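J.: Position one of the sequence shown corresponds to residue 1 (UniProt numbering), numbered consecutively onward.
Hint data in this document are derived by calculation from the structure and do not stem from the laboratory.
Keep in mind it's a predicted model, so treat the numbers as computed, not measured.
A portion of the hints provided could be inaccurate.
What the hints assert, rightly or not - Straight line, CA to CA, 25 Å or less: simulated BS3-like cross-link-like pairs of lysine-lysine: (1) K379 x K403; (2) K555 x K317; (3) K403 x K391; (4) K242 x K298; (5) K298 x K234; (6) K242 x K382; (7) K382 x K403; (8) K391 x K379.
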Amino acid sequence: MENREQRPMMSSEVRGVVIISVPEGDGKGDGKTVCAAFTFQDKQQHHHVTSSLQIEPSPTQTVQHPTPPPGGRPVLEKIGLKRGILFMFVLAIVALLWFRGPSFYYIEEQWDDGEDWVHVHRLYAKHIVSMAPGNSSPDDYVATDGLYERDFRRRTLWEHVKQAAAPENINGSSVFPIRGNIYPDGLYYMQLLVGNPARPYFLDIDTGSDLTWLQCNAPCSNCPETPHPLYNPKGANLVDCKQPVCSQLQRGGSFGCSGGGGQCDYEIQYGDSSSTTGVLLEDLVSLQLTNGTLAQSKAVFGCSYDQQGSFAQSPSKTDGLLSLSSASVAFPAQLAANGIVKNVVAHCLAGGNHGGGYMFFGDELVPSWGMTWTPVVRKPYKENYYVNVQKIQYGFSTLDIGKDVLEGNDFIFDSGTSYTYFVPEIYSAFVSAVQEGLEGSGLERDTSDQTLPLCWRGKTPFRSVSEASRSFQPVTLNFGTSWFLASRFMIFIPQAYLVITPQGNVCMGIMDWSETGSDASEAVNIIGDISLRGHLVVYDNVEHQIGWMPSDCRKPPKAPRSFTFV
1 MENREQRPMM SSEVRGVVII SVPEGDGKGD GKTVCAAFTF QDKQQHHHVT
51 SSLQIEPSPT QTVQHPTPPP GGRPVLEKIG LKRGILFMFV LAIVALLWFR
101 GPSFYYIEEQ WDDGEDWVHV HRLYAKHIVS MAPGNSSPDD YVATDGLYER
151 DFRRRTLWEH VKQAAAPENI NGSSVFPIRG NIYPDGLYYM QLLVGNPARP
201 YFLDIDTGSD LTWLQCNAPC SNCPETPHPL YNPKGANLVD CKQPVCSQLQ
251 RGGSFGCSGG GGQCDYEIQY GDSSSTTGVL LEDLVSLQLT NGTLAQSKAV
301 FGCSYDQQGS FAQSPSKTDG LLSLSSASVA FPAQLAANGI VKNVVAHCLA
351 GGNHGGGYMF FGDELVPSWG MTWTPVVRKP YKENYYVNVQ KIQYGFSTLD
401 IGKDVLEGND FIFDSGTSYT YFVPEIYSAF VSAVQEGLEG SGLERDTSDQ
451 TLPLCWRGKT PFRSVSEASR SFQPVTLNFG TSWFLASRFM IFIPQAYLVI
501 TPQGNVCMGI MDWSETGSDA SEAVNIIGDI SLRGHLVVYD NVEHQIGWMP
551 SDCRKPPKAP RSFTFV
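Make the full structure from the sequences, and use the hints.
T.: Right, here's the structure in full:
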């Protein structure tokens with residue numbers, strides 16, 4: 001018997017044996033019979049043909065289809081059906097986990113727009129401090145090529161405010177384009193229409209601040225040059241100091257409320273000794289909704305007429321600050337309480353040299369698939385977006401961090417902070433892993449470059465972040481598992497934590513909390529703008545969760561109806 005080469009069959013329905021008999025050509029009884037056996041091999045998921053050629057006498061040419069043993073064919077079909085159903089079930093589970101779990105693809109074209117280098121400029125950071133003003137100083141931080149420094153600035157307001165409840169039937173969104181970039185603007189901001197008639201103002205978007213405020217002509221005793229004329233409080237309503245929001249705002253400060261009431265004065269101290277002083281008032285804000293209607297809502301915000309420190313530096317790219325925290329006085333909660341949109345806010349900060357992006361209020365544009373969600377850790381007297389990280393990886397290596405360190409140091413999503421910060425214990429383990437990974441890469445520490453605390457030089461100057469990123473690995477934050485054991489990840493590709501200096505060196509944009517100069521007891525991990533870029537990040541204050549997915553942040557999600565930017 002001679003074995004023939006196996007050939008794949010095209011149909012998965014053919015099973016059994018086919019016998020072809022060829023009669024003798026000269027009547028001498030040397031006819032031939034060809035037998036072909038068809039079998040299905042599960043592991044290979046395709047068919048093979050095993051042929052045999054043998055000499056048998058056959059008086060006539062016949063094609064026979066032997067009858068399978070009783071019950072044989074149904075059993076084979078039954079087994080195949082079961083396996084097919086099992087395969088489809090497993091495939092469905094994998095697909096579901098893929099959409100609901102982490103996304104492992106990256107949008108890299110946004111990071112390099114042909115620039116010779118990435119200019120270093122700190123975004124306006126407002127990191128966490130205690131109720132008392134922080135003791136950090138601008139002198140503690142490095143200024144880059146004369147660019148002014150406003151890093152490590154952060155407000156703290158009242159100790160506790162209850163979450164505003166939105167009507168259940170709200171279903172809409174309002175979308176705004178985001179302007180700004182890392183250089184030369186140094187921040188990301190949006191335009192809001194305030195007053196009647198409505199006037200535009202540029203506001204620094206900050207998920208780490210509770211109070212929205214505008215530089216205000218009340219008159220203004222110390223205000224920088226702003227993009228638009230100072231806000232005129234004429235026609236606005238002053239908030240009485242007897243209101244609960246005022247008493248919480250004034251707690252621990254120099255202002256108080258007399259028995260007869262009066263205006264609500266405030267002074268907010270920031271970590272770099274900057275401050276803003278003003279009065280609380282209420283006025284109209286205008287938003288265009290995705291259904292095409294223009295909504296107007298009353299909002300409480302600050303009329304700041306005296307800026308000190310970095311707030312007073314002129315010219316300013318913005319007219320004030322937009323609060324996006326989970327506090328009830330923050331802008332998203334006020335919109336929800338007034339029935340405009342649900343208490344959901346999202347931003348998408350674009351990377352690269354052009355920056356930009358978009359943001360939206362409400363839940364109508366939140367993607368149904370592809371988002372990774374993790375619960376917000378709710379803490380008494382704190383309205384920031386805290387999340388719990390259970391494991392950190394550099395490349396495929398898990399950082400050697402004690403479980404108690406991670407459990408005792410939550411992470412904060414803060415769009416008002418320039419860089420990403422780790423507490424000292426985590427930062428030390430992270431730097432050790434990075435240094436180990438750089439062995440043999442040709443990169444050397446360059447302590448002469450004071451742009452950031454940790455910089456390296458290559459054999460030749462780097463021209464882009466992508467060029468330098470080849471020597472570094474992704475950083476993965478593991479937020480634990482959700483339903484059906486699906487893990488929750490956030491991945492920072494090297495472009496999301498590296499910067500290139502004008503000298504052509506590569507510097508680490510993840511820094512040690514101790515670099516802030518703040519009290520060690522206030523140490524906290526912060527996910528700042530450098531790592532939030534290239535992601536759509538959604539803060540859902542209704543379900544108390546944060547979600548994200550990779551995005552180039554060039555266009556907002558589609559709404560059921562057309563809309564235009566305000």
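J.: Taking the hints in turn, state whether each one holds.
T.: Against the structure, the hints come out as follows:
1. K379 x K403: Status holds; Cα separation ~20 Å.
2. K555 x K317: With Cα atoms ~23 Å apart, K555 and K317 stay inside 25 Å; holds.
3. K403 x K391: holds, 9 Å
4. K242 x K298: With Cα atoms ~19 Å apart, K242 and K298 stay inside 25 Å; holds.
5. K298 x K234: At roughly 15 Å apart (the allowed maximum being 25 Å), K234 and K298 satisfy the hint.
6. K242 x K382: holds, 23 Å
7. K382 x K403: holds, 23 Å
8. K391 x K379: holds, 21 Å
The structure fails none of the hints (numbered hints given earlier).
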